[in-house]
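Colleague: Letter by letter, the chains look like this.
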Amino acid sequence: MTSTAIVAQRVRSTTLAQRHPRLLMGSLGVLAVLLSFYSLSVGATDVSMADVLKAIVGDTTDQAAQIVVQFQLPRVLLAWLVGIALAISGGVMQGVIRNPLAAPDVVGVTKGAGFAGMLLLLAIPGIPVAAVVPAAFVGGLVAAALVYLLAYRRGATPIRIALVGIAVSAAFEAGIRFLLVRNPLDVSAALIWLTGSLFGRSMSSVLEILPWVAVLVPLIIVWARKLDVLGLGDDLAAGLGEPVERTRRTLLLFAVALAAAAVAVSGTIGFIGLIAPHMARRVFGGRHLALLPAAGLFGVLLMLFADMLGRGIAPPLEIPAGLITAVVGGPYFLYLLVKTGR
Amino acid sequence: MTLSVGTVPQPTEDATHKRPKIVTNKQRVTWATLVLLVVIVAGVLWGLSIGSQHIPLSRVPGAIFRADQPDQMIIQSIRMPRVVLALCVGAALAVAGALMQAVAANPLAAPEIMGVNAGAAFVVVLAITVVPSLSGAPTILLSFGGAAAAGVSVMLLAGSGRGRVSPVRLALAGVTASSLLISLTQVLIIFDENSADSVLFWLVGGVNFAGWPDVRNLLPWMIVGLAGAFAMARPLNLLALGDDMARGLGQNIERTRLFGSALVIMLCGAAVSVAGPVAFIGLIVPHIMRRVVGSSYTVLLPLCALGGAVLVLYADIVSRYVKPPYEVPAGVITALIGAPIFVYLARRQKVTAS
Chain A
11 MTSTAIVAQR VRSTTLAQRH PRLLMGSLGV LAVLLSFYSL SVGATDVSMA
61 DVLKAIVGDT TDQAAQIVVQ FQLPRVLLAW LVGIALAISG GVMQGVIRNP
111 LAAPDVVGVT KGAGFAGMLL LLAIPGIPVA AVVPAAFVGG LVAAALVYLL
161 AYRRGATPIR IALVGIAVSA AFEAGIRFLL VRNPLDVSAA LIWLTGSLFG
211 RSMSSVLEIL PWVAVLVPLI IVWARKLDVL GLGDDLAAGL GEPVERTRRT
261 LLLFAVALAA AAVAVSGTIG FIGLIAPHMA RRVFGGRHLA LLPAAGLFGV
311 LLMLFADMLG RGIAPPLEIP AGLITAVVGG PYFLYLLVKT GR
Chain B
7 MTLSVGTVPQ PTEDATHKRP KIVTNKQRVT WATLVLLVVI VAGVLWGLSI
57 GSQHIPLSRV PGAIFRADQP DQMIIQSIRM PRVVLALCVG AALAVAGALM
107 QAVAANPLAA PEIMGVNAGA AFVVVLAITV VPSLSGAPTI LLSFGGAAAA
157 GVSVMLLAGS GRGRVSPVRL ALAGVTASSL LISLTQVLII FDENSADSVL
207 FWLVGGVNFA GWPDVRNLLP WMIVGLAGAF AMARPLNLLA LGDDMARGLG
257 QNIERTRLFG SALVIMLCGA AVSVAGPVAF IGLIVPHIMR RVVGSSYTVL
307 LPLCALGGAV LVLYADIVSR YVKPPYEVPA GVITALIGAP IFVYLARRQK
357 VTAS
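Top to bottom, those sequences are chains A and B. First residue of the first sequence: 11, per my numbering; consecutive thereafter. First residue of the second sequence: 7, per my numbering; consecutive thereafter.
I should point out that these hints are in silico values taken from the structure, not numbers from a laboratory. Glycine is no exception: its CB is placed at the ideal position from the N, C-alpha and C atoms. Worth double-checking, as some hints may not be accurate.
[To be verified] Chain A residues, not near chain B, derived (Cβ > 10 Å throughout):
#, residue
1, Leu-45
2, Pro-84
3, Arg-108
4, Pro-144
5, Val-152
6, Arg-170
7, Val-227
8, Val-232
9, Leu-242
10, Glu-255
11, Arg-258
12, His-288
13, Ile-329
14, Pro-330
15, Leu-344
[Said to hold, decoys possible] With the Cβ distance kept under 7 Å, some of the chain A side facing chain B (calculated, not the full set):
#, residue
16, Ile-176
17, Ala-177
18, Val-178
19, Ala-180
20, Ala-181
21, Ile-186
22, Arg-192
23, Ala-247
24, Leu-250
25, Leu-333
26, Phe-343
27, Tyr-345
Please take these sequences and the hints and turn them into a complete structure.
Modeller: Structure representation (structure tokens):
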């Protein structure tokens, strides 16, 4: 029996979405695009949809159109990239650690990356912002390694990883706060590092995260079948000829890199990496080839929704997107926790 | 049942009807008390002398009682309330932590882990947002409501009504609920005024804005709370033997738990409403003190009060050195100290569920 056949047997198709995955995935994509266009028109100054379309086509003489291109477009693009990066990172982590509670923020990656990124920005003033991504990557990696080592006692159970991850995150968050009071920034910058936000980001942020997403996401999707094989358990996966440890480490590295790139441009936005893969698994089932792209789309939808809500609730005030995702994601995590215990 | 912290004395067969003997090293207790008191006195003098206007130590004692010169005015109206509030908040939160660990029979139970502090802070900020002129006693009462609601919901969520709650699940549910409440608090603050100072204050807590009215608001609740806690030492010792044993010894354990929880809510609610959610005091102080003087609540609770007072007092002093002309909330420092200890405690937990 080939590995594909075993996997297919294990992950049986049951829902409508699994029988017509392309149709549903397509409609999710269309929904995300429509939401993006709507999102371009929401903000401190409301712009009509017609003007938005004109601005995109290139007719940028109009003032409203300039607002769209200069301020809203980078935000919407970032929402896409950050949403995809966080969601796929979470999906890979849940697959590799075989832990429904795993996510970049639960295992400490986001706060570690945020701390390292902020440390670099404050330690070397005037450093090109592009250097933040590698620093955040190192910070996220250190945090993830720390959580795994500390949680490991004759195996690392999901709940212990979650608890140690939360504790390590608390430590890094204390560090972030310490840096914040030591080097007072303005409120919006502080909120970006504390809670994550797309406020005031420009096209240069888009260009910083774009290469990471463009390279890593296709790589991960190509490897999606390996994730299914890993999900069969170490012995069976090794029997199918998979170098288990190496595959696991490489995939985790990719996941941490994606999350770190997202944190470097948008701060520590929580819960997307936890919720989006769960939504995708609910709808598309456990096969990673369908699950990961779907998780990415759900991540985009969640980010667009959070960012829009944050801008639209009480303009001109901005609620950071990270706060919205925390308010939505917290109860969902509690629900997962209650369910995992049964 | 098993407790993973402290030593649980095993009563001998013929002693089961008597009060269980809890071994404490009297000398250690005496020494610990003396050392803590000396450290507190030194900290008070230090805390009074430093600040944007340095006042030499030699002139501090006189200024505590007189207020004729500018120096003495500074001490009496700005630094004294700050130092006194640090002592009170520390004592209240640390004793609340010890009580909570006893009542929940859970080493990870602490007001900041269980969402009690975050709940109190959220309700206070909500009240201030809705009625800006609100202050004093009504705030404290609302804060009790927030603390109680958050604590009870976390207990219910973690247990979902099935027997004993595992420490790890309680901690996870509590921390998640806390972060949810903290996020909501931040949303309110953004709506309200958007100043970095108040954001940090209600997120991390501290005594840097303290005035005498704060002390007056906290003091009655703190005195009642501490006295009640000390009076409950014996029932709590029995509770530490396990539910069955305590019931067999004639304890009404439901009543003990209820009173204990009410005291926790009173102490935390009052402390948070004047000083914000100062992090990790209720988690780390009882654990350290238990190492030093053992697990008998008769001595543990008073020493936790002293230990908590020392921790917040010194955190406040250190916070003044962080960025000298500016005031930094003490909660930033206690979080830095507390988070590694939280990691250590989290790592030690046995995971039983799933």
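Colleague: Please write out, lowest number first, the hints stated earlier that are contradicted by the structure.
Modeller: 6, 13, 14, 15, 21, 23, 24, 27
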